[in-house]
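> Spelled out, the chains give:
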Amino acid sequence: MAEWKMICRVEDVPRLGSRVVKSAAGDIAVFRTSTDEVFALRDACPHKGGPLSQGLVHGTQVTCPLHGWRLHLDSGEAVAPDVGCARRYSSKVEGGAVFLEI
Amino acid sequence: MSKPRLVMVGNGMAGVRTLEELLKIAPNLYDVTVFGAEPHPNYNRILLSPVLAGEMTIRDIILNDHDWYEGNGIRLHLGNAVTRIDRVQRRVIATDGTEAPYDRLLLATGSNPFILPIPGNDLPGVISYRDIKDTDEMIETAKRYRHAVVIGGGLLGLEAANGLRLRGMDVTVVHVAPWLLERQLDETAGKMLQKSLEDRGLKFLLQKQTEMLIAGESGRVAAVRFKDGMQIAADLVVMAVGIRPNTALAEAAGIYCNRGIVVNDTMQTYDPKVYAVGECVAHRGTVYGLVAPLFEQGKVAANHLANFGIGRYAGSVTSTKLKVTGIDLFSAGNFTGGSDTEEIVLNDAAGGVYKKLVIKDNKLVGGVLYGDTADGPWYFQLLRDGQDIHEIRDHLLFGQAHVGDVGHQGHSKAAAMADGAEVCGCNGVSKGTIVKAIKEHGLFTLDGIRKYTKASSSCGSCTGLCEQILSATIGGAYTPAASNKKPVCACTDHSHQEVRDTIREHRLVRIADIMHFMEWKTPDGCDKCRPALNYYLISTWPKEAKDDPRSRLINERAHANIQKDGTYSVVPRMWGGLTTPDELRRIADVAEKYQVPTIKVTGGQRIDLLGIKKKDLIDVWRDLDMPSGHAYGKSIRTVKTCVGLEHCRFGTQLAMSMGVKLEKMLFDMYAPHKVKLAVSGCPRNCAEAGIKDVGVIGVDSGYEIYVGGNGGIKTEVAQFFAKVKNDEEVMEYTGAFLQLYREEGFYLERTCHYLARVGLDYAKSKVVEDEENRKALHGRLLDALKDAKDPWKERIAGVERQEYEPLSV
Ligand code: SRM
Ligand SMILES: Cc1cc2nc3c(=O)[nH]c(=O)nc-3n(C[C@H](O)[C@H](O)[C@H](O)COP(=O)(O)OP(=O)(O)OC[C@H]3O[C@@H](n4cnc5c(N)ncnc54)[C@H](O)[C@@H]3O)c2cc1C
Ligand code: SF4
Ligand code: FES
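The listed protein sequences derive, respectively, from chains C and Z.
If you count the first sequence from 1, position 64 lands on 55 in the numbering used here, and the numbers rise without skipping.
Each number in the numbering used here comes from the position in the second sequence (counting from 1) with 594 added on.
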């Protein structure tokens, strides 16, 4: 059963940056946008498994560090013309803390 | 409050492109209504030729289907021409009586084919070639009749004739001039073209004037008679003798017209509420008949309709290409020349290749290519850039070897490639895939190809091939942008040059300020523009601007190279390729301690430890206790050296010591792209100085300095820059040259690309010939690097610690 787990404070994730979270389910990438929204995806690009946590965040997208695919942070879907999807985890910010549903 | 109303008359290529541009920058500004005289949604008129030739169908060439209009809330009236504009009450009235009020009106009525004023011009079977209806009629006629006569040997006429011939008709082209395409080609090329079209079964009657068209018994056209009395059979006559801007509607409404609807640089007519774009307008006295300029006009009009008011249309230079599969023909600019121009000509009649370049004041002003048009886009780019070509003049005619660099099985001509042949070696994209995407999505730009197929979006070595495929598929509709005008990325219309200038002029020191000031279209840019902006800031304001790690790609953020499996490689600096037993011992210890899977000697004379986990990086750096090698950065990489006078029996200069001095001077220097140097002790050049950004070669009397070499995607031999006397001068000239590149280069431009853009002579004038400026440049470099820090040491001390530490649940 998935449950909400506290991960860190919002400021632990840099704006327009990300952190990787080690979990029993594998690595999860947590992203923070310029407007302080927080998103989480499995840390593996649908293209060739690149670690998305090492990508560059812009708007609500991340560009994979390996070959430059772009993924939507809110859905995990690749931006056309690429096709693929990274698993998305629900996330929320409460009282300045980041929670993931895992 | 209700939205202002925009009404567009003419649902063709220029008008709809304007709407697309407008929707991109101001999606919800207007309530839009469109009237189109034709019963079809917007289609790609220029592809009517491949449709006629049986290479495509009408369905393939629709650019915007009904869903597009609906999805964007556009009210569409098809098959309903506007008959009157009421400028007093600001409304238009259409054939069926529909009225539409406007706040802004956009006229895009295109042009009408010119019909020769001769007897019989209205007989059944006499048509022009402009739209789907004409094309359908030709296709139908070809099924039932035999003799076709095309009047007009211009681009349109020849494409029509070729299509009809392919559909089985017996086709004669009648032309008044002494050779074909007299407005695009000189006589030699025109005759070569005629020959190859004759080989395909077309017949030609040149210098013939048509007197009348004669009806047969059925009332349909049956023959064409010429002024000299000759007469030939004709079941179909296609008039392709030119077009006239469609100004009737505007004229009737009292809008000033001369050759076309007269517009200013913001595409407004004399009535500022009325805009006009496309073939119907006359801008600075010129009427255009190709889509590339019309698209530029559309962009400016959209910019104004969106109330941005910054775009200006300043006219276009056009190029043309004949879209007859298998015939390669390209022309641009002024190719007939004059008393003040020079010509370079290659004429290989047997091989079917003809090339003529026209040069004026060391600039390319025009050209004709027949048989081998591979370099057309490149020449056109040189022409638009107005680049000084005297340095490359002796090999100009042989073209840009750039096209088809390594990794394309040696292919250098798109036309010769099979559909299955790989064009983009990085993304595995074949020629067929690119052609299909161009057709299906109606692409007109290299960016479009990148977006839909990914070709040319990685290492870029296939860019030339992609450009060729594009121009072969859509003809003159493709025009490469002048290189200093190309937008940085899709987030902005501004070019690298404009961004650099603005940062300097307006003293911008933060990325967010640039984006705000220059009206970026996205909230915080993308992975293309942010790293560029970050570099421009730190190179322009080394003291004031703060580096933004979040605007650096992973390698530069982590100070190591990411590998395919997500681990990293570590390349410590070995000054000039020199090392010590102690360093080697530490490297060995680190390799054992962190179980480094691979240790490799790099091509840059140092050692690479591959496969290190990110969380171990800082510990590895601490244990190595060596400076960062910046193998990950758009920065100084290596200074390769040979053993030099220190040991070598041929050495004339102390190459190792010179190399180490240079490398120390440049430590931690960021640049538009990576920078590699080499120093050889004598002209045998064992350090390969001839393919480095700066290559230094020792000679008995001092050193020779070479710049702009590159050993990567495209091998580029460095060019001689200066001869100097001693080590100090090597440092000064090298430092000054690199500082010039740092201050003026566009992001991701290596020194060879920078020099190709500005010219070697320019760089010499700033560095070699101007001592004061050289010293100033060198001084600014030293000043910027004065407080250079070793990024690894900083991180060992705790900077950006978060980057390396995972979180856990
Ligand atoms: C390690 C090394 C190969 C080796 O095992 O020898 C190497 C490895 C990489 N090269 Fe290289 N290049 C290496 C020497 C070269 C050389 C030879 C040289 O420097 O003498 C060249 C041609 C010379 C030149 O640059 O002019 C070279 C031309 C390239 C290019 C094409 C550059 C170009 O302008 O055409 C790229 C792509 C790029 O930079 O955009 C590239 C990119 C790369 C990257 C960094 C790809 C990347 O962005 O991740 C590779 C990292 C691999 C990895 O997994 O860590 N590498 N690369 C060499 C490191 C040298 C060093 O000590 O720093
Ligand atoms: C067969 C062919 C091949 C071509 N090949 C090339 C090529 O290779 N490269 C190139 O650059 N160019 C080529 N062209 C030229 C190119 O197609 C034109 O330059 C371009 O289509 C002009 O765009 P436009 O919007 O100004 O006019 P159009 O595309 O003609 O659009 C104008 C539209 O307005 C409609 N209209 C007119 N009056 C009214 C009215 N009162 N009310 C409502 N609607 C009205 C017309 O019916 C028409 O649909 C070719 C043209 C043809 C016919
Ligand atoms: S090391 Fe260089 S040549 Fe080798 S695969 Fe990587 S980028 Fe290509
Ligand atoms: S693994 Fe992400 S783009 Fe290739």
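Just so you know, not all the hints are guaranteed correct.
Unchecked claim - Keeping only pairs whose Cα atoms sit at most 27 Å apart, straight-line, the calculated DSSO-like set for lysine-lysine is:
id	chain 1	residue 1	chain 2	residue 2
1	Z	Lys1387	Z	Lys1209
2	Z	Lys1045	C	Lys39
3	C	Lys13	Z	Lys1158
4	Z	Lys1308	C	Lys13
5	Z	Lys597	C	Lys(-4)
6	Z	Lys1194	Z	Lys1158
7	Z	Lys1209	C	Lys39
8	Z	Lys1194	C	Lys13
9	Z	Lys1369	C	Lys39
10	C	Lys13	Z	Lys1255
11	C	Lys39	Z	Lys1158
12	Z	Lys1158	Z	Lys1030
13	Z	Lys1387	C	Lys39
14	Z	Lys737	C	Lys39
15	C	Lys13	Z	Lys1030
Since the hints were derived computationally from the structure, they do not count as laboratory data.
> Indicate, hint by hint, whether the structure satisfies it.
Going through the hints against the structure:
A distance of roughly 16 Å separates the Cα atoms of Lys1387(Z) and Lys1209(Z); the hinted pair therefore holds under the 27 Å criterion. About 19 Å separates the Cα atoms of Lys1045(Z) and Lys39(C), which keeps this hinted pair within 27 Å; it holds. Pair hint Lys13(C) plus Lys1158(Z) holds up; C-alpha atoms about 20 Å apart against a cutoff of 27 Å. Proposed proximity of Lys1308(Z) and Lys13(C) is contradicted: the alpha carbons are some 42 Å apart, above 27 Å.
Distance restraint check for Lys597(Z) and Lys(-4)(C): the Cα-Cα separation of roughly 47 Å exceeds the 27 Å cut-off, and the hinted pair is therefore not satisfied. Between Lys1194(Z) and Lys1158(Z), the direct Cα distance comes to roughly 17 Å. Compliance with the 27 Å bound is thereby established for this hinted pair. For the proposed pair Lys1209(Z) and Lys39(C), the alpha carbon gap of about 22 Å is at most 27 Å, so the pair holds. Proximity of Lys1194(Z) to Lys13(C) is assessed by CA-CA distance (about 31 Å); at most 27 Å being required, the pair is judged violated.
For the hint linking Lys1369(Z) to Lys39(C), the alpha-carbon distance of about 49 Å lies beyond 27 Å, and the restraint is violated. Straight-line distance between C-alpha atoms of Lys13(C) and Lys1255(Z) comes to about 45 Å, which puts the hinted pair past the 27 Å bound. In summary, the hint linking Lys39(C) to Lys1158(Z) is supported, as the alpha carbons are separated by about 8 Å, within the 27 Å threshold. Proposed proximity of Lys1158(Z) and Lys1030(Z) is contradicted: the alpha carbons are some 31 Å apart, above 27 Å.
Taking the CA atoms of Lys1387(Z) and Lys39(C), the gap is about 33 Å. The hint is violated against a cut of 27 Å. Distance restraint check for Lys737(Z) and Lys39(C): the Cα-Cα separation of roughly 53 Å exceeds the 27 Å cut-off, and the hinted pair is therefore not satisfied. In summary, the hint linking Lys13(C) to Lys1030(Z) is not supported, as the alpha carbons are separated by about 44 Å, beyond the 27 Å threshold.
In this structure, the hints that do not hold are numbers 4, 5, 8, 9, 10, 12, 13, 14, 15, in rising order.
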